[in-house]
Structures are given as structure tokens and as C-alpha cells.
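Residue numbers (numbering that gives the first Met the number 0), protein chains in the order written: chain A, 0 to 268; chain B, 0 to 268; chain C, 0 to 308; chain D, 0 to 308.
If you're looking for bench data, these hints aren't it; they were derived computationally from the structure. These figures come from a predicted structure and were not determined experimentally. Just to be clear, a hint being listed does not mean it is correct.
Result set (BS3-like, lysine-lysine): computed pairs, CA atoms no more than 25 Å apart in a straight line [unchecked claim]:
#, chain 1, residue 1, chain 2, residue 2
1, B, K68, B, K80
2, B, K157, B, K11
3, A, K157, A, K11
4, A, K94, A, K68
5, B, K139, B, K153
6, B, K153, B, K241
7, B, K157, B, K68
8, B, K157, B, K139
9, B, K157, B, K133
10, A, K80, B, K139
11, A, K94, A, K133
12, A, K68, A, K11
13, A, K241, A, K188
14, B, K133, B, K94
15, A, K11, B, K241
16, C, K160, B, K241
17, A, K68, A, K153
18, B, K184, B, K157
19, B, K184, A, K7
20, D, K160, A, K241
21, B, K241, A, K80
22, B, K94, C, K160
23, B, K133, B, K153
24, B, K184, B, K241
25, D, K88, A, K94
26, B, K11, A, K80
27, A, K80, A, K139
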Amino acid sequence: MRLDPTAKITNKERWGGYHLLILESPDIAREAVPGQFLMIRVAYGSRPLLRRPFGVHSRSDGSLGIFFKIEGEGTNLLAGKNPGETLDLIGPLGKGFNLGLGEEGEAHSGAPALVVGGGRGIAPLAFLAAEMRKNGRTVKILYGGRSRTDIPLKDRLKAEGGDLVCATDDGSFGFSGLVTDLLDKEIQKSPASAVYACGPEPMLETVNRIAAAAGLPCELSLEARMGCGFGACWGCVRRIRKNGAESWVKICEDGPVFSGGDVVWTVKG
Amino acid sequence: MRLDPTAKITNKERWGGYHLLILESPDIAREAVPGQFLMIRVAYGSRPLLRRPFGVHSRSDGSLGIFFKIEGEGTNLLAGKNPGETLDLIGPLGKGFNLGLGEEGEAHSGAPALVVGGGRGIAPLAFLAAEMRKNGRTVKILYGGRSRTDIPLKDRLKAEGGDLVCATDDGSFGFSGLVTDLLDKEIQKSPASAVYACGPEPMLETVNRIAAAAGLPCELSLEARMGCGFGACWGCVRRIRKNGAESWVKICEDGPVFSGGDVVWTVKG
Amino acid sequence: MTVRSAVDLSVDLGFLRLKNPVLAASGTFGYGPEFEPFLDPGRLGGFVVKGLHFDPRPGNPPPRLAETPSGLINAVGLQGVGVASFCEKTLPRLRGYKTAVIVNVCGADTEEYVRVVEYLDGHEGIAAYELNISCPNVKAGGACPAQSPAATRKVVAAVKKRSRRPVITKLSPNVTDVAAVAAAAEEAGTDAVSLVNTFLAMAVDVETRRPKVANVYGGLSGPAIRPIALRMVHQTASRVRIPVIGLGGIATASDALEFLIAGARAVQVGTAGLVDPRAALDIIDGLEEYCRRHSLQRLSEICGTIDVR
Amino acid sequence: MTVRSAVDLSVDLGFLRLKNPVLAASGTFGYGPEFEPFLDPGRLGGFVVKGLHFDPRPGNPPPRLAETPSGLINAVGLQGVGVASFCEKTLPRLRGYKTAVIVNVCGADTEEYVRVVEYLDGHEGIAAYELNISCPNVKAGGACPAQSPAATRKVVAAVKKRSRRPVITKLSPNVTDVAAVAAAAEEAGTDAVSLVNTFLAMAVDVETRRPKVANVYGGLSGPAIRPIALRMVHQTASRVRIPVIGLGGIATASDALEFLIAGARAVQVGTAGLVDPRAALDIIDGLEEYCRRHSLQRLSEICGTIDVR
Ligand SMILES: Cc1cc2nc3c(=O)[nH]c(=O)nc-3n(C[C@H](O)[C@H](O)[C@H](O)COP(=O)(O)OP(=O)(O)OC[C@H]3O[C@@H](n4cnc5c(N)ncnc54)[C@H](O)[C@@H]3O)c2cc1C
Ligand SMILES: Cc1cc2nc3c(=O)[nH]c(=O)nc-3n(C[C@H](O)[C@H](O)[C@H](O)COP(=O)(O)OP(=O)(O)OC[C@H]3O[C@@H](n4cnc5c(N)ncnc54)[C@H](O)[C@@H]3O)c2cc1C
Ligand SMILES: Cc1cc2nc3c(=O)[nH]c(=O)nc-3n(C[C@H](O)[C@H](O)[C@H](O)COP(=O)(O)O)c2cc1C
Ligand SMILES: Cc1cc2nc3c(=O)[nH]c(=O)nc-3n(C[C@H](O)[C@H](O)[C@H](O)COP(=O)(O)O)c2cc1C
Ligand code: FES
Ligand code: FES
């Protein structure tokens, strides 16, 4: 974890409201593992005031990629940055995915790991899939979005040589329906060793239920508005079960990746 | 006076910290007279919150020029705008110069009008000089700055065919000394019909004293931080003598140009 | 062809029906005519004229304004023309506007508030008074009646006894318990409360070591104060039965909706209108658009519907 | 070669000498170690540990944060590990820092404040206590002892009677007269006051009509509040003799200088450090640069030098 106030933007790509930026930041790149994230300062002055969190989407030779969707003021400002400009980053932050989930002594060890991304949730999963494949693990990516314009990385992920199945809610590309329906189908069809997911809350809850029902280990990357990203403000908590007891746990420090079984979906009281 | 939320920037020039922008805004351009100003929104959102005032520096075919110096956040943002982008303007605002000052029945009617600009104060005076010349009046511009880099418009003003004398505090170009010392010298040397000035407060106070001592009519363009620019907030007042009585008068509405004799320099009580 | 069903934006304050809930705030809309180049005042729910004392007032020396992050400090000090000049020179013009004209009434003491109201009572074309008992720029140190329930009660009761028109009492945010002051005003008979006036504030020029406004303290307005103003409006609306008019940093329809949902019956737009003189109209359009999107026939349905489970 | 004469940035609070006047504020600096990746804590004037109750506390449900123009609303609700865990697991590490460690002390009632202080008194490595009697995120509706001079007097007197260490009382801005509360704390024996804690505030999601923080109200911090905080610090410094520590929206050296010039003896940096974890260091460097530019040998010379003629 470190501050790099002058990470240079070396490349930029755009698909509608989705953007990819490549940032040169050798020290942070060296340390980053899949599932970790960066806190990026989108403006000086105070509008907006807080940094914005983005998962590490790719890594190569001292550079990191982030892939993001324009949601509001911060992401809009970020989308306006151009190669040659610099960005102020903190990273890598949080705990990443367990790349060996479901491999040791589990029922379907050796079967593909299913990686389920909804919309911009694909961001950290691309890095995860790439690293797992480097480790020799078989990976199948399930990539869903509302419409074909919401799965802009499909060609690239395909080109990277992996098994990829797409789903769109409106049926404009690939499987017609929710990516969770696709997951259900895939799990019925053939064995899998583990499920990793990132996306909107309702999707994650369903993924978790499906994985649990199938007896598959599952890791989910969660989100929350973050004040700092490095554990100092206690602003980003989520209800998590640890050794049987529930408590408010910091997503930025103990997450953003949690074991699906530890996440409490409905808090009582 | 009107709002033009989408005045297109058609040209941009830069000399160190000084910038020139050409804005396409036919309706405002048609109405503008020398000495009037524009209120320009430099950012959406609230950082900075208020518009910034800039004198009309030039006009041609439906376009207006503004010439400004980077002083802080607002001017810095403005300097970052590029041709093709649009700006949100209100204008033309305030009352302009009396272009016939010192012409009718005054002692030196026919002698040149002296136009004294200090630093960015040259901005509205360039438009004034151009219009007076169009009206057939002889104009001599006295243009002062700290150093040669602070009188970036010297070549251009010269090229526009006018009489121009420059002064720099450090003697790096033209007369060595304050532009007010130059004014003193010029007035001693040859007759003049009137004095118009814009620049820092201490300069204006001295210009006023020199003009008064020489018995010359004098108009000054004043500044104040402005909340609105169109008379609604009463934030921009200056002590002004009117019919013998002093009061706080709105610079944006009753100015920014005032007769030198009406300005109260030190307020008592 | 789709027929757009009409959205009813009107709000009923009991004593006054507004065509929509968006008013221009006092001191930021001049006397009214200043905005004619930019908008038809008839499109507004109403506007509040700049604060009027009985006699003309000189106001504070400059500098009167300082900018802060997302905020504006002003120390204008209620410079103004006085009631006589207002009624003679400005009011006739305002009568032509097809909107509610509310006059912001100021006073150095209870007696002056009453005198101003009595004078205005003799002239037509005013929908209501807004009692400005909360201006931080007049007394040294920023004290004002709205900082105490007792002082509030006194001024409001005295004015209500004489006024032939409805009275809105404008509250100060510079208090521990704004709802208690609102309750005092309600007891004393005010027809509505509006809040907030500006927050007493300060900025220092570190090079000269002098305050950035000559009056030392001034009033902070603008988006910076919105979250505090909104909390105060919510507290007040939860406490009193009279209508609450919310303001403080409103610049967009979404900002206005926050106040309405939190319990305000109408809103005022101040500083935002200085920056964008058409802000109030954009807000009105945005409210209509919101109603369509949420299939609301009447905007007033959402007032006070905040869900605080 | 020009020899740069040393600038003395140290400030003397009477009970505590700080190497420079810049402290990290409570709740925004974690327990301390969170910032080790970014800075050497030994460069700070000091830091205030996150608020500690006697027992561990669960804190409020999320969402706990909402962003507003130039501001941050938080409703963390003092989630924390409790004194025992702090003294056992964290304090030993803090003893290695070459800076003043101040512990922010919380309590549900006077008794708990006293219990926390007594427990901490048994452990070394703490320079002073900061009594947090001003957190708006604990009681429903945001009430706290610092909203009343009487309640403040009671807590401060009780703690001062037992504490073997200096006590800084942290004041709330949600009051009519902050200087009166400061005076009450002074009478009750506090060694210094720090102000301000956060402003009680609210934001509403207009699509869901729910508050943006689950606790309904939260505390507003950040640059938005600076002008109000600065006014309060000026009022307080003009009233009490004990040192005043100023905070609220400080993000740059110039911001810090505003507070020092207005009468603060030291400052704290809160929200700015969440955004830029090195903000406090940049401020210290900026203060030194200011002293050089203004040929000041000692920064403390400027404290309270505001010119309000
Ligand atoms: C650990 C982590 C990793 C993330 N990685 C990515 C990524 O790789 N790519 C990507 O596109 N997005 C990612 N996000 C979400 C991204 O941070 C938000 O979309 C962004 O902060 C929105 O900022 P904004 O100013 O554009 O929107 P705002 O105007 O601030 O908000 C717009 C909407 O987004 C919501 N939002 C704001 N901040 C967050 C947040 N921190 N988490 C969730 N929702 C938020 C708001 O509630 C609001 O509904 C990540 C979030 C977290 C917590
Ligand atoms: C009627 C009028 C016409 C003007 N015309 C021009 C022009 O043609 N060209 C030009 O370069 N400048 C002009 N100015 C000054 C220009 O408006 C300010 O330099 C600008 O607003 C500074 O904004 P900022 O955000 O960059 O600086 P800030 O960060 O806001 O302030 C930087 C410094 O400038 C001072 N300042 C800020 N606003 C004003 C203001 N309105 N008047 C005077 N000082 C101010 C501040 O006190 C501070 O010392 C004019 C001002 C007025 C009132
Ligand atoms: C320049 C200025 C002048 C003001 N004058 C008055 C006034 O005369 N009477 C009054 O009640 N409020 C006055 N106010 C306060 C506003 O009406 C309003 O309460 C405050 O600015 C908060 O709203 P805003 O953030 O939308 O501006 C003034 C505000 C400003 C900025
Ligand atoms: C996330 C967060 C947590 C806070 N926790 C505490 C706390 O535990 N104790 C306390 O006295 N103040 C707490 N505060 C208030 C700050 O210490 C400070 O008083 C306030 O934020 C204003 O300063 P700032 O604008 O520099 O942040 C907290 C503030 C924030 C933003
Ligand atoms: S974002 Fe600050 S603790 Fe997690
Ligand atoms: S700037 Fe608002 S009245 Fe002049």
C-alpha cells in the first residue's frame, strides 16, 4: 500500500459509458493482486471531495488498467482525463481473491472456476481470470449486462483465449436473461470448482445462493462508499459473519473480497 | 443584458500568465460598448461557486474577446478552456466609458485622449481605444507592467496603428518606472484632452490625482468581487460621491466606470 | 402522439396558494426587476423582495463578499432603500408580475418591524411578509432575535397583532435547537416559518491577516450549507404544524426535492440565482420532470414523505 | 550558498509542547498505524486517536457516509475496540512514535468518561485526553453534552477530578453560543478546548426518498464547514484564556493559517487526511514556507494576530 501522486496515463479506450485507462505506476503494479483496488483522486479542490475506488483490471510491465463505468461526477471527471496527464493513486488496497479457491481437496478440483461479472463488475474479474490462467487454472467467464452495449469487453476477453459466455437481459447478445440464470444453467450442465463474482448487490446475493446450493465455494467482491480506502475512517462497513459472530467489518481492509458464506444479506434490528 | 449559456470559444492565445479568448456571442457583442463587462461561469458545480467578471477587450462580427491574467482558481480554469468548447456568459453589464470625455468645449478638445492601462487593466482599454479611433478621436495608450512579460499586448496594440508608449517597473522595456510616472511626463510634455484608466487601485488613485492636477477629465474602471454582476446582491459596492453626498454604490450597475472625481478613496468612520 | 398529462406543481400554504413551490430568496433577487432580463417572474412560485427597513440603510463597507468552498460569505448589511421608496418606485412594477410577491421585513427592534408592516399594509400587491429576525449582518457579532425563542415570540406576536397579511418568520441556523424557535414562532401566531438564513461565518486573508469581509463576520450561503439546512428543516417540520419553507444551498431540482421530501412545503433559491439567474426556472422544470418520471400527478404528494425507518 | 535560518514551528499549549501545531483529528486517523504506509507520525505535532468508549462498540449500520458539496457526512457512530483492546494491542506501537499521542475519550454518561480516563491513566504513552462530548452520531437526534454549558461543566469537572493527564474538551458547533460552552469548560478546569466537531446534517436520496446515511442524521465535515468553524474559533479565542485548538475543513497551510491568525494555538486536520493521507505534512511544510516568506522566526508569533480594526 502506497501513495503514487503522479501515475501517468499512457492509454485510454472508450465504449459508450465504459472507459479503460492504463496507468503507469510500477511500485503499485508490482504489489497488486487480483481483487485489490485503487483509490483515485478525480479532482483537486473539493468537488468532489473524496477519492473514488476502482478495482485493478489488468497489469503489465509496471502499468495497471482500470475499467469503469460513468456513474456520476467523479467517474465523469475521470473519463475526461487523457494520456499524458497524471493521476494521484493509493494502492493496492484491500485483500484479493483466493486464486486457489476450490482447488485443494474439493469435490470438483480441476473443473473450471466460474467467474461471474455483471456490468462494470467485470473490472476486477478480468485480472483474476488472467492470473488464474497464468497459474494453469481453467477459467470460464460468465459476463452479463443489460444489453450488448453493457458487455463491451466481450471481444477482448474472448481474444485473451478464455472460455467466455455472455448474457444480456434484453437478449441482444448471447444468452437471453440474467447472468445468474446463465450461472444456474452452467452449473447444472457441467462441473465447476468455484465461483467468483462481482456486480450489483442483488446479483451477488443470487450468485451466492446458487453457489451454496451447488456446494461450490464462492468469493464475492463487495462495494461501499469509501471515505479513505485504507481502514482509517470506518465508513465502508458491511455485516460479516466471522467465527459465528456478526459485526460491521471494513470492506476496504478486510475486503472487498469476502467468502460468500460470510456475508450477511439482511441485518436484523 | 442577457444570458448566453453557450458562447463558443473560437480562438485562444497565450502569453505566459496572460490569456486571450474569442467568444462567439452575436447578441451580446452587438450590444456591448467599451467599459462594459461579462460575467463568465468558469465551472459547473460549485468550485468555484461564483461567476468571474471580465471586461470586453475586443469585438468583431458577433464575437467578443476577453483578455485576462491568471490570478487564482477561476482564471486558471478559464485558461484551460479550448476552442470548440462553450462558455456561459452574462453581458454586456454595467455602464461603459464616455467616449467623448473632454471633447465638448473642454480646453484641450482635439488633443489626444490618454488611455492608461496597468497590467491586466489594459483589457477593457483596448476596446475603448479602438472604438474611439473609429470615431476619429486621437488616442495615445500608456501601457505599464512590472516587467516586459507583463505587457504582452504591446506589439498588437502597436500594430493596430495607435500611438503606444510602454513602461515597466523594472525598466526591461520602454520607460523605466511606473506607468503613472509616464503619465505625468506625457501630460507635462504635450496637451491631452482626457484620461481613461484601468489597473490596480494605487495606480488608479495616482492617475486620478495627476489628471485632477492637470485639470483633465478622467474616467476610471474599478473592480470589486462580484456576487452577480447585474445589481441583485449589493455585494460589489464602492464609496461614490453623487450630488455632494457619499454612499455605497454598486460597481456592477453604476460602474465599473466612474468619473475619477466621484470616487472616494478613503472612507472615514 | 402521446398526450402528456398535466402535472400539478401547485402547493397550498393555507394562507397562500403558490403555482409551484419555488420562490426566489430575499437579498438574492434584488427588488425583483433586476431579473427581468433573464426570466418572466410570472413563472416563479413567488419571490421574496430584499430586506426592507423603515428608513433607507447605508449597509456595510466593502469588501462585502468572500468565496469559500462551495459557499459565499456576504456582509451586505441590509443596504436598502426603505419602505417609502420601495412602495413608491418599485412596488407598482411588481404588481404587474403574475406571481406571489413577499416582502422581507427587517427591524432594529420590535417597534421597527411593526412600523414597516403597518406601512406596507397600506399598499396593495403584497402576498405576505417574511419577518427577517435572523440576519447575522446587522448587530455586532451577528446576534439576532431568532437566536432565542423568547425574542422570537415577542417580535412575531407584535407583528401578528398589527399585520393584515400572513406572516412567514425566517429562522436563523445559528442556534442549538431550531425547532424550539420555530415552535415559539408558531405559538406567537406566525403563519409559516422559512429556514435557513445564513450561517455566521468568517474568512481570513492570511497575507494581510485581515478578515475577508470588512464586517469581520458575514453570512454563509450556498451549496456548502445545504446538508445542515436540510437537517434543520427536517427537525422543524417534524415539530410544528404550520408550513415550513426550506432553503439553503438549493441549486438543482434534486436539491429542492430533498427539502420537500424532508418536510418543506415550498423552497427558496438564493445564491444559486446569483450564479445562474435562471436557476429557479430550471428547478421548476426539473420538478415537473421528476413528477412525470415517478408518475406523480401532484408534486405536493411527496412533501414530508421521507422514509426514516 | 544561502543558509536557511531555522523556523521554529513549535507551539506551547502550557500543559504540552508540540513540535508543530498540526495534529491529525480524531476518527480520521484511525488508531494511528493506518497511516504508517504514508507518513512518519513523528513529523506531526501530534495525533488524536479515534474515539474510545470503555467497551467495544458496534457502530451504526451502513451506509455511513454521504458526500455533499465540499463536505462529507459521516454516521460511523463511534464503532471501536474499547479501551482494554486499545491499551493492549495498539498503544505499545504508538509509544514508538516520536509525537504527542492524544486519546479521544467517549462516554454514554459522565461515569463512562471517568472510567475510560481512569483506565487509560494506568497506561503510559499518552500525552493528553480529548473529551469527545460533541459527537452527533451517538444519541438519537444528535444531542450531546457540549450543547449545554451545564452538561459540559458536569462532565469536564468529573473527568478533571480524576485524570492525571491534561484534558482538552472538544466542542460542538451545533450551538447558539459556542464561546459560552467553552467558558463553562474552562471554569470546570479543562486545560484546552478543541473545536469544532461535525455539524449535524442530512442528505436525502430523492429516488428512494430515504436518508443517505442509515442513521438519518450524520456529522458534516470538510472544507464546506470551514468558514463557520473559523468564526467559532475566533469567538472562542476572544472569550477564554486557555488554548484553543481549531479544526473544521482544514486542507492546506493557508487554511491552517486562517485558524492560527484567528486565535487558535494549534490545529487539527480531519477529512483532508482521508483524501490525501499526507495532507498534514504538506500543511507543516507550507507553514514553514509562510514563515520564511514573512520573515517570522517563530510561527507562534502569528497566533491571534488578526486585525479586526
Ligand atoms: C472496492 C471498490 C471497487 C470498485 N471498482 C470499480 C471498478 O473497477 N469499475 C467501476 O466502474 N466501478 C468500481 N467501483 C464503483 C465506483 O467506485 C463508483 O462507481 C464511483 O465511485 C462512483 O463515483 P461517481 O462520482 O461517478 O458517482 P457518484 O455521483 O458519487 O454516485 C453515483 C452513484 O454511484 C454510487 N456510488 C458512489 N460511490 C460508490 C462506491 N464507492 N461504491 C458503490 N457505489 C457507489 C452512488 O451511491 C450513486 O448511486 C468500485 C467500488 C468499490 C467500493
Ligand atoms: C468589472 C470587472 C472587470 C474585470 N475585467 C478583467 C479583465 O478584463 N481581465 C482580467 O484579467 N481581470 C479582470 N477582472 C478581475 C478578474 O475578475 C479577477 O482577476 C478574477 O475574478 C479572479 O478570479 P480567480 O478565481 O482567478 O481568483 P481568486 O482565487 O478568486 O482570487 C485571486 C485574487 O484575485 C482577487 N479577486 C478575485 N475576484 C476579484 C474581482 N472580481 N475583482 C478584483 N479582484 C478580485 C482576490 O481577492 C484574490 O486576491 C475584472 C474585475 C471586475 C470587477
Ligand atoms: C447577498 C445576500 C443577501 C441576502 N440578503 C438577505 C435579506 O435581505 N433578507 C433575508 O432574510 N435574507 C437574506 N439573505 C439570505 C438568503 O435569503 C438565504 O436565506 C441564504 O442565502 C441561504 O440560501 P442560499 O444558500 O440558497 O443562498 C441574503 C443572502 C445573500 C447571499
Ligand atoms: C469519519 C469521521 C469520524 C470521526 N470520528 C470522530 C471521533 O471518533 N471523535 C471525535 O471527537 N471526532 C470525530 N470526528 C470529527 C473530526 O475529528 C473533526 O472534528 C471533524 O471532522 C471536523 O474536521 P475536518 O473538517 O477537518 O474533518 C470524525 C470525523 C469523521 C469525518
Ligand atoms: S473507507 Fe475508510 S475505513 Fe474503509
Ligand atoms: S455584483 Fe451583485 S450587485 Fe453588483
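Item to complete: Hints the structure violates: just list their numbers, smallest first.
Response: 6, 10, 13, 15, 16, 19, 20, 21, 22, 24 and 27
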